[in-house]
Amino acid sequence: MNESVESVRAADDIAIERTLAGDRDAFRVLVERHSATIFRLAYRLTGNHHDAEEIVQEAFLRAYQKLEQFASQANFATWVYRIAANYTIDRMRQRKQEDARRQAPSAEMTDDVDQDPLRQIPDAMPSPERLTQSVELRRQMENALQSLTPAERTAFVMRHCDGCGIEEIAAALKSNSSAAKNTVFRAVHKLRQMLEPQFAPRATARAMGTES
Amino acid sequence: MKHLSEEHLIAYQDGERAGREAAAAHINSCTECQAELHRLAEMLAAYQALPVPDPGEDYGRRVWQQIAPRLEEKRSHWWQVFLEPRRLTAAGLVAALLLVAFLAGRVSKRVTPSGGEATTTATADAAQVRERVLLLAVGEHLGRSEMVLMEIANAQPEGASVKQVNLSSQRRRAEELLDENRLYRQTALQEGDTGIANVLDELERVLLDVAHSPGTVTPTQFKSIRQRIDDDGLLFKVRVLTKEIERRENTGKPGLAESGSAKVERNNQA
Numbered sequence: 001m002n003e004s005v006e007s008v009r010a011a012d013d014i015a016i017e018r019t020l021a022g023d024r025d026a027f028r029v030l031v032e033r034h035s036a037t038i039f040r041l042a043y044r045l046t047g048n049h050h051d052a053e054e055i056v057q058e059a060f061l062r063a064y065q066k067l068e069q070f071a072s073q074a075n076f077a078t079w080v081y082r083i084a085a086n087y088t089i090d091r092m093r094q095r096k097q098e099d100a101r102r103q104a105p106s107a108e109m110t111d112d113v114d115q116d117p118l119r120q121i122p123d124a125m126p127s128p129e130r131l132t133q134s135v136e137l138r139r140q141m142e143n144a145l146q147s148l149t150p151a152e153r154t155a156f157v158m159r160h161c162d163g164c165g166i167e168e169i170a171a172a173l174k175s176n177s178s179a180a181k182n183t184v185f186r187a188v189h190k191l192r193q194m195l196e197p198q199f200a201p202r203a204t205a206r207a208m209g210t211e212s
Numbered sequence: 213m214k215h216l217s218e219e220h221l222i223a224y225q226d227g228e229r230a231g232r233e234a235a236a237a238h239i240n241s242c243t244e245c246q247a248e249l250h251r252l253a254e255m256l257a258a259y260q261a262l263p264v265p266d267p268g269e270d271y272g273r274r275v276w277q278q279i280a281p282r283l284e285e286k287r288s289h290w291w292q293v294f295l296e297p298r299r300l301t302a303a304g305l306v307a308a309l310l311l312v313a314f315l316a317g318r319v320s321k322r323v324t325p326s327g328g329e330a331t332t333t334a335t336a337d338a339a340q341v342r343e344r345v346l347l348l349a350v351g352e353h354l355g356r357s358e359m360v361l362m363e364i365a366n367a368q369p370e371g372a373s374v375k376q377v378n379l380s381s382q383r384r385r386a387e388e389l390l391d392e393n394r395l396y397r398q399t400a401l402q403e404g405d406t407g408i409a410n411v412l413d414e415l416e417r418v419l420l421d422v423a424h425s426p427g428t429v430t431p432t433q434f435k436s437i438r439q440r441i442d443d444d445g446l447l448f449k450v451r452v453l454t455k456e457i458e459r460r461e462n463t464g465k466p467g468l469a470e471s472g473s474a475k476v477e478r479n480n481q482a
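Chains as they are written, first to last, in this note's numbering: chain A, 1 to 212; chain B, 213 to 482.
Just so you know, these hints were derived from the structure itself, not from any lab. A quick note: this is a predicted structure, and the numbers were derived from the prediction, not measured. Treat the hints loosely; a few may be bogus.
[Stated by the list, open to error] Here are the simulated SDA-like cross-link-like pairs (lysine to any residue), alpha carbons at most 25 Å apart as the crow flies: (1) Lys449/B with Ser7/A; (2) Lys181/A with Ser217/B; (3) Lys435/B with Lys455/B; (4) Lys174/A with Gly163/A; (5) Lys181/A with Gly22/A; (6) Lys181/A with Leu249/B; (7) Lys286/B with Gly22/A; (8) Lys286/B with Lys174/A; (9) Lys66/A with Tyr271/B; (10) Lys181/A with Gln278/B; (11) Lys181/A with Arg229/B; (12) Lys181/A with Glu219/B; (13) Lys286/B with Arg82/A; (14) Lys181/A with Ala236/B; (15) Lys181/A with Ala234/B; (16) Lys181/A with Gln260/B; (17) Lys96/A with Glu58/A; (18) Lys66/A with Lys214/B; (19) Lys174/A with Lys214/B; (20) Lys181/A with His238/B; (21) Lys455/B with Asn378/B; (22) Lys66/A with Gln278/B.
[As the list claims (entries may be wrong)] A short list of chain A residues far from chain B (calculated; beta carbon distances all over 10 Å): (23) Asp13; (24) Ala77; (25) Asp99; (26) Arg101; (27) Ser147; (28) Pro150; (29) Ala171.
Cβ coordinates follow ideal geometry from the N, Cα and C atoms, glycine included.
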C-alpha cells in the first residue's frame, strides 16, 4: 500500500515532535523513511556508492543537530534533501581543491573557474560503433556529468533527475532563482556539447541564436 | 529562417512560460528545431534513466545503526518547548489574529478580562491539529499493518509436505512497522487517546512476535503466531479502529476514549 503524501507528512511531524521532546529513537523513523531518496541523490551526484553512503549519514546527522531550526510548515523530506545537496556540493568542491593541490600546487582551482568541459574528456568521446553499446554510452554520460562543476552537477540532477523546482535548487546552491536557472542551463549546455555526437546540438552557432 | 537559440530551446523544454507561444509556433513550423528539441529531450530522458544501485530494503535500518551512536540525546526543557520555531510561528499567528480582531473592534465582545476564552480557543485549535495529524498517521499505519496480519491469517501452510513457512517478507515489514507503532502509541497516550493507544499496544505485541521470528518458521511456530492474532481478535480490532479513525477524520468528532473537550481541558491543566 502506498502512503499518501499527507500521511507521510503527518508521520514525519509526529517523529520530529517526539525527537525534539527527547526521544532520540523517534528519529529512526525519519532515517528509515527517507534514506533511500537521499542515497539516490548522493549517488547521482558522486557516482560512487561509498561516497553516497557517507553523504546520507552526514545529512541525517546534520538534520538531527539542526532539528530545532526545522519549521513544521516545511516538508522534512525536502529539508533533509536540501541539507544533503548542500553538503555534497561543499564536499565535492573541497575534494576538487584537494585534487588540484595534489596535481598542480601552483594552479589554484576553484569551482567558479570556467573550465572547458570539452577538454576534460577528449578521449572519452565514443566512436559510432561504441555508441551502440549502452554500457559505453552510460559511461560517457557519467563522465560528462562528473566533469561539471559541483554546483552545475547538483543543479542538473535536482532539476532533470529529481524534478525539483528552481527555488529549491536556489536554496540548495545558496543562490537566487536567476542564478540557479543559469546554472541549470549551463549544465545542460555543457552536457550536450560533451556528449556529441549522440545528443549534440546542430551547430555551435545555435548557442548564440545566430544560426539562420 | 532564424532558429531558436539553444537557451530558448532548453527553456522551452524545461517548461518556461515566457515566450512559450512564440517558441511553440516556431517549433511547429521548423523541422530542424523539432529534431533539436527531440535530441535534447532524449538526452535528459537518458540521464533520468541512468541506473542508481538499489541500496537494499533494509538500507534505512543500516543507516540508523551507523548514526545512532553519534546522536546526542536532546534534552528538552519546558521553556524550549515554547521556543520551538513551530510554536513561535503558531503563537505569532494567534497574536496576529488577535490583533486583527482587536482592531476590528470585536475582541471586547469575545474575550474575558483574563483573556481566557481566546486562550482556550487557541489551545483547542492546536489540539485539533495535533489530533488530525495523529489520525492521519495512524490510519495509514493501520492499513499497512492490516495487510501484514491478513497475509499471515490467509497463509495455508497445512499439509504433510510443508516443512517450512516463509515469513521473511512479513517479518521485514513488521520490523519497519514496529518503530512507527511505538511512536504512535506513545503519542496517542500523551494525547489521552486511550482507544488508539490500546489497539496499538496489542498490535505491537504481535508485530514484535513476527519481527523476532526467524525468516522461515515451522508450521507449529507459524500456528502459534497466527493463534496470537486470532485469540486477540486483532484483525477485527484494527479494522474497527480504522473505521473509527475514518469517521473522526470526516466528522471531526471526539474519539473512542474521551471527548475532545475533555482532552482540551486536560491539555489546559497540563
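Query raised in the report: Is the Cβ of Asp13/A more than 10 Å away from each Cβ in chain B?
Result: Given that some Cβ of chain B is not farther than 10 Å from that of Asp13/A, nearest at about 5 Å, it is violated.
**Report entry** Satisfaction of hint between Tyr271/B and Lys66/A, Cα-Cα up to 25 Å
**Finding:** holds (23 Å)
**Report entry** Agreement of Lys174/A and Lys214/B with the hint, judged by alpha carbon distance not exceeding 25 Å
**Finding:** At roughly 37 Å apart (the allowed maximum being 25 Å), Lys214/B and Lys174/A break the hint.
Requested in this report: Please work out if Lys66/A and Lys214/B have their alpha carbons no farther apart than 25 Å.
Outcome: Measuring from Cα to Cα gives roughly 52 Å; hence the hint is violated.
Query raised in the report: Hey, does Ala77/A actually stay past 10 Å from chain B on C-beta?
Result: Given a closest Cβ separation of 13 Å, the condition holds.
Report task. Compare the distance between the alpha carbons of Lys286/B and Gly22/A with 25 Å, and conclude whether the hinted pair is satisfied. Result -> Given that 25 Å is the threshold and the Cα spacing comes to 5 Å, the pair holds.
Query raised in the report: Has the given pair, Lys174/A with Gly163/A, been kept, meaning a C-alpha gap of at most 25 Å?
Result: holds (18 Å)
Query raised in the report: For the pair supplied as a hint, Lys181/A and His238/B, is the alpha-carbon distance within the 25 Å limit?
Result: holds (23 Å)
Requested in this report: Quick one: work out the minimum CB distance from Ser147/A to chain B and report holds if it exceeds 10 Å, violated otherwise.
Outcome: The claim stands: Ser147/A keeps its Cβ more than 10 Å from every Cβ of chain B (closest is about 14 Å).
Query - Lys435/B paired with Lys455/B [C-alpha distance capped at 25 Å] - result: violated (28 Å)
Query raised in the report: Is the hinted pair Lys455/B and Asn378/B satisfied, with a Cα-Cα distance of at most 25 Å?
Result: Judged against 25 Å, a Cα distance of about 31 Å means the pair is violated.
Query raised in the report: Once the closest CB in chain B is found, is it more than 10 Å from Arg101/A?
Result: Non-interface label stands for Arg101/A: nearest chain B Cβ at 29 Å, farther than 10 Å.
Checked against the numbered hints given earlier, the structure breaks hints 3, 5, 8, 10, 18, 19, 21, 23 and satisfies all the rest.
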